[in-house]
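Chemist: The primary structure of each chain is shown beneath.
There are 2 protein chains.
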Amino acid sequence: MKKVGVAILGLGVVGGGTYKILTEKKEYFKTTQGLDVTVENVLEKNIDRATALGIDKSIVATNIEEVVSNSNVDIVIEVIGGVEPAKTFVMKALMSGKTVVTSNKELFAKHWSELEEEAKKMRVGLFFEASCVGGVPIIRTLQEGMQANKILSIKGIINGTTNYILTKMSLEGSSYEEALKEAQRLGYAEFNPTADVEGFDATYKLSILSSLAFNAKVDIENVYREGITSITKEDIACGKELGYTLKLLGIGKNSENGIEVRVHPTFIPNSNPLATVNDSFNAVHLVGDSVGEIMLYGRGAGALPTGSAIVSDVIFAAKHHEYYYAAFENSSKGNKSTKFVSDFVSQYFIRMTVKDEAGVLSKYSGIFAKYNVSIKEAKQIAGVEGKVSTIIITHACKESALRKAIEKIEELEIVYSVDSVIRLED
Amino acid sequence: MKKVGVAILGLGVVGGGTYKILTEKKEYFKTTQGLDVTVENVLEKNIDRATALGIDKSIVATNIEEVVSNSNVDIVIEVIGGVEPAKTFVMKALMSGKTVVTSNKELFAKHWSELEEEAKKMRVGLFFEASCVGGVPIIRTLQEGMQANKILSIKGIINGTTNYILTKMSLEGSSYEEALKEAQRLGYAEFNPTADVEGFDATYKLSILSSLAFNAKVDIENVYREGITSITKEDIACGKELGYTLKLLGIGKNSENGIEVRVHPTFIPNSNPLATVNDSFNAVHLVGDSVGEIMLYGRGAGALPTGSAIVSDVIFAAKHHEYYYAAFENSSKGNKSTKFVSDFVSQYFIRMTVKDEAGVLSKYSGIFAKYNVSIKEAKQIAGVEGKVSTIIITHACKESALRKAIEKIEELEIVYSVDSVIRLED
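Top line first, the protein sequences correspond to chains V and L.
In this text, residue positions in the first sequence follow the numbering used here: the first is 719, and each later residue adds one.
In this text, residue positions in the second sequence follow the numbering used here: the first is 719, and each later residue adds one.
FYI, nobody ran anything at the bench for these hints, they're computed from the structure.
For every residue, glycine included, the Cβ atom is placed at its ideal position computed from N, Cα and C.
Just to be clear, a hint being listed does not mean it is correct.
[Unchecked claim] List of simulated lysine-lysine pairs, DSS-like, C-alpha gap at most 30 Å:
| no. | chain 1 | residue 1 | chain 2 | residue 2 |
| --- | --- | --- | --- | --- |
| 1 | V | Lys744 | L | Lys839 |
| 2 | L | Lys721 | V | Lys748 |
| 3 | V | Lys721 | L | Lys743 |
| 4 | L | Lys1057 | V | Lys743 |
| 5 | L | Lys958 | V | Lys748 |
| 6 | L | Lys748 | V | Lys748 |
| 7 | L | Lys1057 | V | Lys1057 |
| 8 | V | Lys868 | L | Lys721 |
| 9 | V | Lys1057 | L | Lys838 |
| 10 | V | Lys721 | L | Lys839 |
| 11 | V | Lys748 | L | Lys743 |
[Claimed, not checked] One side only, chain V facing chain L, incomplete, derived with CB under 10 Å:
| no. | residue |
| --- | --- |
| 12 | Ile739 |
| 13 | Val1009 |
| 14 | Leu1014 |
| 15 | Gly1084 |
| 16 | Ala1087 |
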């Protein structure tokens, strides 16, 4: 039976879950995979964490050199997170001829090319299923299940924290602040929630996923990013009334005009399969030119779901050793020649407060028309003291045109305020 | 660049789609996969089909010997369907050292072991992603994405024809006969719809999927099967009123008691993610002990979606040639020792017509109690001429107990008829 030695760098939530799966299922992997997988080393400064997991002190390394010079270690699992020291450790592992499995989206989104180059040079593997959408095998699907397709679009709920917050705001009418507090209480959001609520986490993931989907390196700088901090319960309630659900989506589109990648709050019709993906669940919807629509749904985070993805990579790497780096070698090709669309086309949901008098609609609709923004639906919502809330849904138009129109509309004497401009996808 | 020669046996809908993808994307596969894939042979008696696809006559073979003796052919794609002559052709291809990719669920469900044995002996590959759920990469997910999990359950809408019919009955209130006729008109159902509506097609697929999920060969004889032909629009309407949607589900469960596999019409709550999978779409919901819930959704049939799965297998086979048969070698293990649960536990939806008089509930509920069938909900629906329809939803109980109770209830003088007994899952 083939023996596989692994080392785990970092015994946080995901590292602990990974250790648990690898040790508790040692016999299971022998019978189902024909592999004898052993944790040969863990690297963790906090010895209590190791002890709490029942790890023998003899395998706890105190520095990375110990791990990369251990000839029993074939595969190094990096679950430290963040750029440093993770990057140094991963590079040392690759340079020592170890295959690397990582859950580190930030590291990967920022330094993919450098890591890939080293892995290729050393002819070792570099796997990152766990970096995107936790236990959902979206990377394996893109790499090993969708090869026959040119992927036309990818749309995903790829951050569980924001999905929890938006679900709570939608189903319980909570404010953003209330929902965030509850998410923090439950451990779904960090004390400093910026990475999640401002869309950075989703941007890392979308950068990785759209690179694979479109066979072109999509850097995080190419991704338009907008978080959910300015979303109000009024926005969500008004959208609901018109049959739309608000989600923080990662959207990638690949057309003749180029590649378009963006992370922002988005209204989608309730009939869209992504609309019913609630709480901390994640989902990714793909359209391929052969397969049509595909959606994958599951847990985007957590010790065991993310551990499931890491262990899947370990087994995949151990079984397909010929194939170590070929999985991603095409994704960094043609970076310089890739065209990106910045002035994208979208539908919009606009909420504004206007004077309650005759002729208001004709005034703002005249401005929209001037900028070629066509109105699909306009709805007035009862107001007070001579002010009314108005919701407008536009047909697809260029973002730049919409912004110019909004500027002019804000100058109108009959308009008190443009309260929200939120993109909308079918 | 690695050259890969393929032959296609059969140019029906799926064969045509496969040919189209392989030829139109020849250059795309060179750049994205580093593979030069060429269709070296097609086997098709109807020369018009070949001509319609623009296939040069020089590559149209007239018998299987021509194909299997062609040294340029590495991979044989079988898309004929049915057991013979497909089985003979596939065996000849394997015996000649060709890897086989097939979409043939019936052949695979009935003769897996024999085919597997030959593939192992010859050290060639046998791939069957396209046999289940069309373009949805469910087999790749089970094999290459869920290795860290013991799969606890699999529940799927794995037949598009019946899902189309049930969706039409549900959304438009059609009768079974009307919905079937419409499905036939649109090409979703065959002139003889038995294989679909009686659940045979779903049984083949569930046999394959649960074998992989549970690492134990599940033969079609192990699958309990019940079709949708006796479902009425009244059943669907009554279920709807209580918040349930009716689907033909393939259900596999793996517990300490053994493996339980069944295909039958099933009510599920509207909140279940499978409830919104409509028309001819398919979806498979898995629960793994590490990953938790996962769902995959997409097109279960059609020329290009199924072609997408076949071409994915071709590319996977060409890239992972070390790995040809290991993908399924564990699935036929331990067949004799596998325990199957036949007297399964389920919730039930019961619709019956009873006398409109006092004390009816106490009479039938007494019988249910006697057989340890506990009632979760009972609802009377307005009737005429002294008769009323009653809907009962039970808590989980053993099928045998439920059947005995129903027998006794049918004998009650106050019961005119037990109209439907339909299983219900949460």
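Chemist: Okay, which hints does this one fail, numbers in order?
Modeler: When the structure is compared with the hints, numbers 2, 3, 5, 6, 7, 9, 11, 15, 16 turn out to be violated.
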